[in-house]
Amino acid sequence: AQTVTQSQPEMSVQEAETVTLSCTYDTSESDYYLFWYKQPPSRQMILVIRQEAYKQQNATENRFSVNFQKAAKSFSLKISDSQLGDAAMYFCAYRSAEATDSWGKLQFGAGTQVVVTP
Amino acid sequence: DSGVTQTPKHLITATGQRVTLRCSPRSGDLSVYWYQQSLDQGLQFLIQYYNGEERAKGNILERFSAQQFPDLHSELNLSSLELGDSALYFCASSVGYTHPQYFGPGTRLLVL
Chain A
32 AQTVTQSQPE MSVQEAETVT LSCTYDTSES DYYLFWYKQP PSRQMILVIR
82 QEAYKQQNAT ENRFSVNFQK AAKSFSLKIS DSQLGDAAMY FCAYRSAEAT
132 DSWGKLQFGA GTQVVVTP
Chain B
2 DSGVTQTPKH LITATGQRVT LRCSPRSGDL SVYWYQQSLD QGLQFLIQYY
52 NGEERAKGNI LERFSAQQFP DLHSELNLSS LELGDSALYF CASSVGYTHP
102 QYFGPGTRLL VL
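Protein sequence lines, in the order shown, are assigned to chains A and B.
Here the first sequence is numbered in our numbering, starting from 32 and rising by one per residue.
Here the second sequence is numbered in our numbering, starting from 2 and rising by one per residue.
Everything labelled a hint here was simulated from the structure, so no lab data went into it.
Treat the hints with caution; some may be incorrect.
Unchecked claim - Short derived list, chain A residues pointing at chain B, Cβ under 10 Å: (1) Pro72; (2) Ser73; (3) Phe99; (4) Phe122; (5) Leu137; (6) Gly142; (7) Gln144.
Using N, Cα and C, we set each Cβ at its ideal position, and we do this for glycine too.
All chains should be built: construct the whole structure from the sequences, respecting the hints.
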């Protein structure tokens, strides 16, 4: 079974600065997808960024970028030019790309709370 | 707004009761997923449907059941409710297995 670990319960960052959230995962599969979801105080789950394991290029979405290290099974999220609206819980998630009984399932980490200070 | 709708937003009920949570996926999405978010268990996958058929099952209790109807909306039925069932229940949808999942706003269930 796959496991996703987020070792930082909370990270604090000043506005306009950069913060990096770490995520490691354990899998024996070679093909999979990785995601970062944001959950603000409204509790809505918002997709931030997605990475396919077969792509070596790191995904980028505006101020959000990832550092995907497949051999190390590491998938960190960098938030640049942090804004007050970035304050939220961030979840790393894994999904298999192989046709198994739990094909579509997202496996989430415990989350990292990002606090943005003015 | 993700395009996924869930009703009701909040639900307060008593132990032993039964409730039904409803989800309408984004237009065009055939897959529906149910997740439970609780303080002690985190975010857990419950069950997945694709075009009306059950495709994957996670940590779903026998007291819980779900179905997806021909119009693709889905319902999650929770019965013999216990205090520990209090949680935020999310529905998510995607076009297919390889596409990202988009989440609804959730139904907050409180069992007293």
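Outcome of the hint check:
1. Pro72: violated, 13 Å
2. Ser73: With Cβ-Cβ at 8 Å, under 10 Å, it holds.
3. Phe99: This interface hint is violated because 16 Å lies over the 10 Å limit.
4. Phe122: holds, 7 Å
5. Leu137: holds, 6 Å
6. Gly142: Cβ of Gly142 (chain A) sits 7 Å from chain B, so the hint holds.
7. Gln144: violated, 13 Å
Violated hints for the displayed structure, listed by number in ascending order: 1, 3, 7.
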